[in-house]
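Student: Here are the chains, one letter per residue:
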Amino acid sequence: MKSILKRYRVFLIILLGLLIVTLFNKTLGLHALSVTAYSLKELLLVVPPIFILLGLLDVWVPKETMMKYMGEGSGIKGVLLAFIIGSAAAGPLYGAFPVAAVLMKKGVSFKNVLIFIGAWSTTKIPMLLFEISALGMKFALTRLLIDIPGIIIISFILSSVISKKEVKEIYENAGDLSS
Amino acid sequence: MNIILYAITLALLLFSFFKDKRKTKTALKKAWKSFSNILPQMLVVLLLVGMLLAILNEEVILKIIGVNSGWLGVFLASVVGSITLIPGFIAFPTAAMLLDGGAGYMQIGAFISSLMMVGIVTIPVEIKYFGKKITYLRNALAFLFSFLVAFIIGWVVNTL
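Residue numbers (the working numbering), protein chains in the order written: chain A, 1 to 179; chain B, 1001 to 1160.
Every clue listed holds true.
20 Å max Cα-Cα, derived PhoX-like pairs, lysine-lysine:
#1 B:1023 x A:105
#2 B:1029 x A:105
#3 A:164 x B:1132
#4 A:165 x B:1133
#5 A:168 x B:1133
#6 A:77 x A:124
#7 A:68 x A:168
#8 A:105 x A:168
#9 A:168 x B:1132
#10 A:165 x A:105
#11 B:1033 x A:2
#12 B:1128 x A:105
#13 A:124 x A:138
#14 A:164 x A:105
#15 B:1128 x A:168
#16 B:1128 x A:165
#17 A:105 x A:68
#18 B:1133 x A:164
Bear in mind the hints are in silico, worked out from the structure with no lab data behind them.
Using the sequences provided together with the hints, build the complete structure.
Tutor: The structure is reproduced here in structure tokens:
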């Protein structure tokens, strides 16, 4: 019980703050609460299956397989797979981080993990269809065409400025987070 | 879309269960562990976003990123996009509405791009997984990248 309280401490403090604000400014407070409730509903709807899939991936797919297809030296095949997995995803960016942790644990190269994060954030297929209907084909396709090289370039820059030792630390930490 | 996700998950879960009950149990345990690992921070993020969106209504946003707001508008649009975290199915219709209401394509391009790639409120979660260096650098690069996106989208929409 105590540890639960401790872990949710920040959340409870902010919630209390928001409730106090609501006492003074009802419209603003209720608006904030309703937006929060709405995103919470979205979260609880989309996130559980992602985590279950993640658990299944972790248990069933051997590290050697993932390393072969997406590890160091997997080349263009690994990049493509990272794009496909990221683009097929659903859910907000913070849902991608636990998935990234499992990918790291399975020996996927750091560059491909970063590409996966980039794809998850910007080239999700379900979202693209939605973007086309809201903002038009020209806008959506232009953005997609700039984003694909953008994701690759950002991933290359990030993985080239970080040292082998730092990558090792991130990977060890990822193992702890998802075991 | 959610139905497909649930159907696939359920099918794989059942398949896994019939193949190996023990492994399936481990998988579910792992799923729960990673979920409860990230849940406290996610709740904080949701609350912060709720508060931000309540303060930044359309009128305020439109004032900042109107069609004549130029590069300053692009910059501010990127800042707003970086701070807020709106799910796509709210963000796109909102963006369409803002365009109708007088926002510029460049500004909306910057807004959408930074909205998707930069996450200021999720930085604590990202650091937990990627460490400070990668997190800060990734967000900074994505922020700069949104200017390029704005420039090209503005150019495409206005000339093609």
